[in-house]
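The lines below spell out each chain.
Number of protein chains: 2
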Amino acid sequence: MNWEQVFASRASRMKASEIRELLKLLAQPDIISFAGGIPDPKLFPASAFQDAYAEIFRDGAGEALQYSVSEGYLPLREWIAAHMATIGIPCTPDNIMITSGSQQALDYLGKMLLSPGDTALVDWPTYMGALGAFNAYEPNYDRLDPGTNRSAADYAETAAAAGGRVKFAYMSVDFANPTGRTMNRAARERVLDLADELDMAVIEDAAYQALRFDGEAIPPILALEIARKGDIEECRTLYCGSFSKSLAPGLRIGWVCGSQKAISQMVLIKQAGDLHTSTMNQAVIDRVARNVFDDHVAMLRRVYSERRDHMLAALERYMPEGVSWTSPEGGMFVWLTVPEHMDGAELLAKSLKTQRVAFVPGRAFYADGSQGNNLRLSFSLADEETIEEGIRRLGLLLAD
Amino acid sequence: MNWEQVFASRASRMKASEIRELLKLLAQPDIISFAGGIPDPKLFPASAFQDAYAEIFRDGAGEALQYSVSEGYLPLREWIAAHMATIGIPCTPDNIMITSGSQQALDYLGKMLLSPGDTALVDWPTYMGALGAFNAYEPNYDRLDPGTNRSAADYAETAAAAGGRVKFAYMSVDFANPTGRTMNRAARERVLDLADELDMAVIEDAAYQALRFDGEAIPPILALEIARKGDIEECRTLYCGSFSKSLAPGLRIGWVCGSQKAISQMVLIKQAGDLHTSTMNQAVIDRVARNVFDDHVAMLRRVYSERRDHMLAALERYMPEGVSWTSPEGGMFVWLTVPEHMDGAELLAKSLKTQRVAFVPGRAFYADGSQGNNLRLSFSLADEETIEEGIRRLGLLLAD
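Just so you know, the protein sequences line up as chains A and B, in that order. Counting from 225, one number per residue, gives the positions in the first sequence under my numbering. Counting from 225, one number per residue, gives the positions in the second sequence under my numbering.
Chain A on its own, in the form it takes in the complex (with noise of 0.2 Å):
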């Protein structure tokens, strides 16, 4: 049978990536490995698990274990609504819908959002794995750049061009991934103004917004939205949100937060596409969250930013001239910026044979793939030694 003859025009948006095939040879014990942005399992907490689970039997489990509603678990959803609140984002349940994990929040978001040939627009470079979402439905990208005058005239010129219009901005908003950096209130809002102009809407990655080690904590957007307009259902912004990294990423729990009129269509889409998210996993998350959401997330601000710091030092310390890297105030990730004249993946490959350190090529975080001289560092799962031993074998590779 030839698949390719039947498969969607969406397939050829949707091929294997080099560079995961490249890390899957990375796995191996002798490497150092800087490539993962994965939370450090030994900072799980297990315990506040076992102890939902545990609870949720001692009652039979009958519920946990049904068919339960697409929106999501009420009592997860109300607790989810009082933590917006704590950070500035007034909302009701019916303002949130769980999801599978917040990758699943950016799928049914482009779903909901994007027919061939509209336009979204994404930073540059932005996360691999929301291009990885948004191609399904093959839209055009064109680069957000809060930074610039460019008029939303000109964005929508271009988008009409390229046969659609601008459907939404997204952002990861808070130490991004891959580059670490946070948006300041400025672009921030700058980027409501261009919303309101283009009639678009905003997504707002927060995955890894309660990682904040320093520095001062900026409004979300749909805070800053919500103080313009006086309410969450005039808003045009669509928080995600994760508990992938401030509790487990194995129960794949995220949640949307936005105007009912979204939600609910949402909702549909979540009803077609998997029922609802495991109602197990809802009430087991909702349990540990009421537990332990608050004490635990500043352990690991603790512990992460103290590996930061050994990082950025040991960067400090081992790289040759030419080299600059970012500075997070949270999250999990440096952004090396090496000479134009190297590739990230030739700098990969050829690592494989000699220091055997690894690390994401900054590539594929480009939507037009245009910029191949950056890295991305992850320096969530290494200890002190480690990461000194791994900058030093990155230093040696990049000054060869």
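Source of the hints: derived by calculation from the structure; they are not laboratory data. One or more hints might be untrue.
[To be verified] Here's a subset of chain A near chain B, in silico, CB distances under 10 Å, partners left out: (1) Asn226; (2) Ala232; (3) Arg234; (4) Ala270; (5) Ser271; (6) Tyr277; (7) Gln290; (8) Leu330; (9) Phe358; (10) Ala360; (11) Lys391; (12) Asp423; (13) Cys459; (14) Ser483; (15) Leu499; (16) His500.
Think of the CB as a built atom: it goes at the ideal place given N, C-alpha and C, for glycine as much as any other residue.
Given chain A, work out where chain B should sit, using these hints.
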């Protein structure tokens, strides 16, 4: 904000179901409901689940709480591959991808195969949730009726006239939702002939397959195709399985089985869609399946078959002239055909006021909404007494 204006064109195909809204009204204590097609929570193997969680936490649960691969947890894929062999489908774990329930398999298969304007062949009536999943990809539907001699050329011409090509035939094969009917072997073979002639895929929804009470098991379509072609890698059938009816739906674990060529494309869709299904839930289902699957399913068959017997006997006793119904050999559903001048939705609205018995009106199961004089009854949730009383009331409603 005018959300309609930013929604993708598919939004017009994803409307809230009036029936679902009506059914919400029916969730009142004095209503006898045959509406929900859901398993009886009293029959869940809760203690086997409890043991599985305990075992995982004894090992620290670090792996189960972490990210994992998009194709799914290998031990579970191994169990499923062995299980598939017992129903005539020899395959390897590379032929299996885990999904978040089999609804997600339908969504991702639609995403893999359908461009707007393509044609999907479906039963008339068919599973409403499959239509919901496929609708997001804006297909046309044509009636799959393997009992007629309609030629492949005729299907192909109809699809071309509608602006695309026939991409797949979808069918629920055993004790189908909503009809309770089982596709006979000749019809399965005819679909395979047609698939080869049309060079299309075949989506075999086997959600209820394990719940056969009596009669002789008919080989899955994928088994028949392997028998023809010698190797699953040559096959065009994609088999969708689920633990929702055999173990419990609340963990959302299903699978797709097919040629590696198709499965590897599904894995790309999964990666972009939600990264992976809950690691914990896969590890738990793996343990529960290994420990209790066969015995548990044998118990379910016994209990549900008694309920079916009660329902069929009560229908014999209470249905007025002019009403006919199916006699399922398994599953959860009986499908009633009432006189043509009656309409299921009107009957349900009337029942709300008078007899207080609930069912699902049949129209939503027809891709073209053409036929209104059917009711779907589920026998999975009710005891003998409730079935007796509910069917008695239904008889009064229909005789009125």
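**Request:** Double-check leucine 330(A) for me: the hint is only fine if its C-beta lies closer than 10 Å to a C-beta in chain B.
**Result:** 9 Å, holds
**Prompt:** Taking 10 Å as the limit, does the beta-carbon of aspartate 423(A) come near enough to a beta-carbon in chain B?
**Reply:** 7 Å, holds
**Asked** Under the criterion of a CB-CB separation shorter than 10 Å, is serine 271(A) in contact with chain B as hinted?
**Response** With Cβ-Cβ at 8 Å, under 10 Å, it holds.
**Request:** Would you check whether asparagine 226(A) satisfies its interface hint, that is, whether its CB is within less than 10 Å of any CB in chain B?
**Result:** 7 Å, holds
**Asked** Do the numbers back the hint for phenylalanine 358(A), that is, is its least Cβ distance to chain B under 10 Å?
**Response** Holds - the Cβ of phenylalanine 358(A) comes within 10 Å of chain B, reaching about 9 Å at its closest.
**Message:** So, as I understand it, the hint says leucine 499(A) touches chain B; can you test that by seeing if any CB pair is closer than 10 Å?
**Reply:** 5 Å, holds
**Prompt:** Would the stated hint for cysteine 459(A) survive a check requiring a Cβ distance to chain B of less than 10 Å?
**Reply:** Constraint on cysteine 459(A) satisfied, holds at 7 Å.
**Asked** Was the hint right that tyrosine 277(A) lines chain B, CB cutoff 10 Å?
**Response** For tyrosine 277(A), the interface hint holds, since the closest Cβ of chain B sits about 5 Å away, which is under 10 Å.
**Hint check, alanine 232(A) versus chain B [nearest Cβ-Cβ separation less than 10 Å]** = 5 Å, holds
**Prompt:** Would the hint on arginine 234(A) stand, with a C-beta cut-off of 10 Å toward chain B?
**Reply:** 7 Å, holds
**Message:** Holds or violated: the hint that lysine 391(A) contacts chain B, with Cβ atoms closer than 10 Å.
**Reply:** 5 Å, holds
**Satisfaction of the histidine 500(A) interface hint, Cβ to chain B closer than 10 Å** = 8 Å, holds
Of the numbered hints stated above, none is contradicted by the structure.
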